[in-house]
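Engineer: Please build the complex by placing chain B with the ligands on the supplied structure of chain A, with the hints as guidance.
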Amino acid sequence: MQLTVWTYEGPPHVGAMRIATAMRGVHYVLHAPQGDTYADLLFTMIERLPRRPPVTYTTFQARDLGGDTAGLFQRAAREAYERFQPQALLVGASCTAELIQDDPGGLARALELPIPVVPLDLSSYQKKENWGAAETFYRLVRAMASPAAPPRGTPRPARAPGIKARCNVLGPTALGFRHRDDLVAVREILDRLGVEVAVTAPLDASPADLARLGDADFNVVLYPEIARPAADWLGRTFDQPAVVTPPIGLGATREFIAEVARLAGVDPAPALAAASRAAWYSRSVDSNYLTGKRVFVFGDATHAIAAARIAADELGFTVAGLGSYTRELAREVRDAAARHGIEALITDDYLQVEAQIAELQPELVLGTQMERHIAKRLGIPCAVISAPVHVQDYPARYSPQMGFEGANVIFDTWVHPLMMGLEEHLLTMFRDDFEFHDDAPPSHLGPAPAPATASKSTPAPTPAAADAFPWHADAEKELAKIPFFVRGKARRNTERFARERSVPVITVETLYDAKAHFSR
Amino acid sequence: MSGSGVERGQRAVFCGLTGIIWLHRKIQDAFFLIVGSRTCAHLMQSAAGVMVFAEPRFATAIIDERDLAGLADANAELDRIVKQLLARRPDIKLLFLVGSCPSEVIKLDLSRAAHRLSTQFSPAVRVLNYSGSGIETTFTQGEDACLSALVPDLPAADREQPANLLIVGALADVVEDQMRAVFAAMGISRVQFLPPRRSTQMPAIGPGTRYLLAQPFLADTARALEERSARRIDAPFPLGADGTSAWFKAAADAFGVDAGRFERATDAGRQRARGALGRYRELLAGKRIFFFPDSQLEIPLARFLAAELGMQILEIGTPYLHRAHMACELTALPAATPIVEGPHLDKQLDRCRELKPDLVVCGLGLANPLEALGIATKWSIELVFTPIQGFEQAADLAELFARPLVRRTRLVA
Ligand code: SF4
Ligand code: SF4
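Keeping their order, the protein sequence lines are chains A and B.
Reminder that position 57 of the first sequence reads as 100 in my numbering, one-by-one numbering, no gaps.
Reminder that position 381 of the second sequence reads as 431 in my numbering, one-by-one numbering, no gaps.
Extracted from the complex, chain A is given alone in its bound form (with noise of 0.2 Å):
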């Protein structure tokens, strides 16, 4: 068992309907409990969605748990079918079904019906939502294009000359972190590089497109923790090599056009060729203030990752802190903090993430949701980069994060939160003005509340409360002018100096001697 109060990710059948809920003509049943059916408000509610995900829910009772719950379900699937009609049929078990063992696959089958029927095994007790998407994708993605698979092992036949060479984008998915937006962003390069997109899976796909995934001549994979088994199974099945570079960031969007173009055969130019606004803000003189912030990272892999080396190449920031609770990509996370001369935390437990960001004391977290509430606590701004979504993760306006304009808005919600350079001097030489203090937000912020010092809801002890060293009330009064959103990491390294030369007490000496110790 595990304690938990909030989790990154749902049970791996969320992560099925995702995918269904992405896709035209697939309809899932899923073997499970009333209270299940809340998954459909993710949709409705939270991504806004104008209709309801295509799942039915078997809603069994305990009054059928001694009866016929095997009855129930092929009644269940079969009205399911009548009703909507649906190309394909995902059939599974959220976690209390698994435990009863119905078998949804087996008495799927045996209802004969004239479509492909995907039974989905997902080990509610093991695995979570991105894994179950992930699957569930792969198994629709090979019942579908199976039937065309060459024999194993031919090559693919090399392109006429003349012929646009086209790809497939995998990855986006219903109540994916600006999934939609993203997928806007990356035809918009294809195009520029005159390549075709053959399907785009699975959000907008039908299984009738699944069936000819096989005929593109690769495959770009926007979100590997979603498509990277199927896009592997179809790189063996049909020998189509695949772009793995998210387009996240300025640095990777080349990186990305450079292997699109270079597995089309095309001219990458014409795509680098696009301004953009982002190089040349955080190159201006403005900027400066930005210079080896402290951040830290946390979300799913993929955009964890591309936002380290965005913080670190393109914003001039120090990467102090970087995490994911995406276990099945650890390892590349872990090369990437190895990047950045730190180590990565791997963890879904948020008061572990909460602890970590209490110990570094970053000027800015860029996070999930719940990183947004943990940095709301400790007074530390914070910018959101990842799932789990929330409903302000589906802005009205365009706003996607890869391409060129993702990076662009990638600048813009990351700079906002922080104070302006400015502003920044401005406080540290007036600081005892009665409007213009320390505890005052950025003023572009409005006049919110001071930052709550650590609050009695912070679960963790912050490590400053649990050894508190002895500081001289001299000492502590200088400390207190210090702005505060700097205030935490001065007290800390001033702790860490004295501990290290064994100072008694810390005195305003001690104070300047460790700023002079690790000024930058």
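These are computed hints drawn from the structure, not numbers from a lab.
Every residue gets a Cβ at the ideal spot worked out from N, C-alpha and C, and that includes glycine.
Calculated Cβ distances over 12 Å to all of chain A for the following chain B residues:
id, residue
1, Ala174
2, Pro257
3, Ala318
4, Leu364
5, Cys378
6, Ala426
Computed list of lysine to any residue pairs in SDA-like fashion (alpha-carbon distance at most 25 Å, straight line):
id, chain 1, residue 1, chain 2, residue 2
7, B, Lys299, B, Asp284
8, B, Lys397, A, Arg126
9, A, Lys336, A, Asp455
10, B, Lys397, A, Thr112
11, A, Lys419, A, Arg534
12, B, Lys406, A, Phe127
13, B, Lys397, A, Gly114
Structural biologist: Frame of chain A; chain B with the ligands shown alone:
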């Protein structure tokens, strides 16, 4: 009333775990530990996430493969987690172990666990258990299960004391205070509420206890109270000016309050409520409304909307029908109001689309898809979270139904 029927098919109702969302705010020193799966944790987070992210007094002990494979002793694991939890939250005085579908299917005995842990942590913490599982409970039945778990533990009332009145069902604090004032004006001063605001203020019950239900979904709690010799006062539910008035009147009659005193105690509130409802009557009279089965509040709400606001009831879906507790409500409904017990989601949607109501009351999963079809909706969950009972809230309740319609008249683009 008449025209009731039973349907069976897919439900689109939350499970009883959802009750924790309001119960954990109501009982301020209680903590709810769900023993369940990732699905249960995700349900709580999705249904409540936005509302109570700040400081939840609930969490989930997620059962994993090791527990199922018998590699870990589930009871030992649970003990470990409770210890970890109580160490972090020393403010907790009452801990509920809340059962879920998985814990029930694997037959994890939470009542034994609660007993064991209660002994271990007493007197600092009391540990109780109930089931909020979706195979046993729908949405608001979770509150019923929670309250009925409290009843056997309630202190016994002193036999020498005069009769006392117990109001049963979670209400907003402000509503409780208003009700207490009205009862005091009627001369009924020994009034207590279940659930109380703190676990240290549990009401005492005994043969002299008369109880009045404030919520329509408390069948098991009522049964448990009867077992402790408390007697129910038959009444409609305190929704609307007339509903609230009849509710107070039932208590007045049970406690022998004379008519004059009852009038003096309730007249001002009733008049205020009626006056405030007038405005909404203009907006809502004649409008056609359809209820999907969700919170069990459907029948009392329909009665209020028909009787006091002149709305036309097209269909009332209700997860189940408790005829005894609903008796007063059913007689007050317009004749031939169709009541459908036990849902069949797709058929209900078919009927709803065909009838094209002016307003639909439904769960969160259905609201936007219906709005997209041009049908105005009201989320039933809002009716559970908002103070709607009593005289002073009657107009607020009407406003909740008027708002979606008013909004449509405002939007031009
Ligand atoms: S229906 Fe059962 S499994 Fe689903 S969330 Fe409710 S208690 Fe958990
Ligand atoms: S209001 Fe915001 S943008 Fe304007 S000067 Fe202040 S910090 Fe800068």
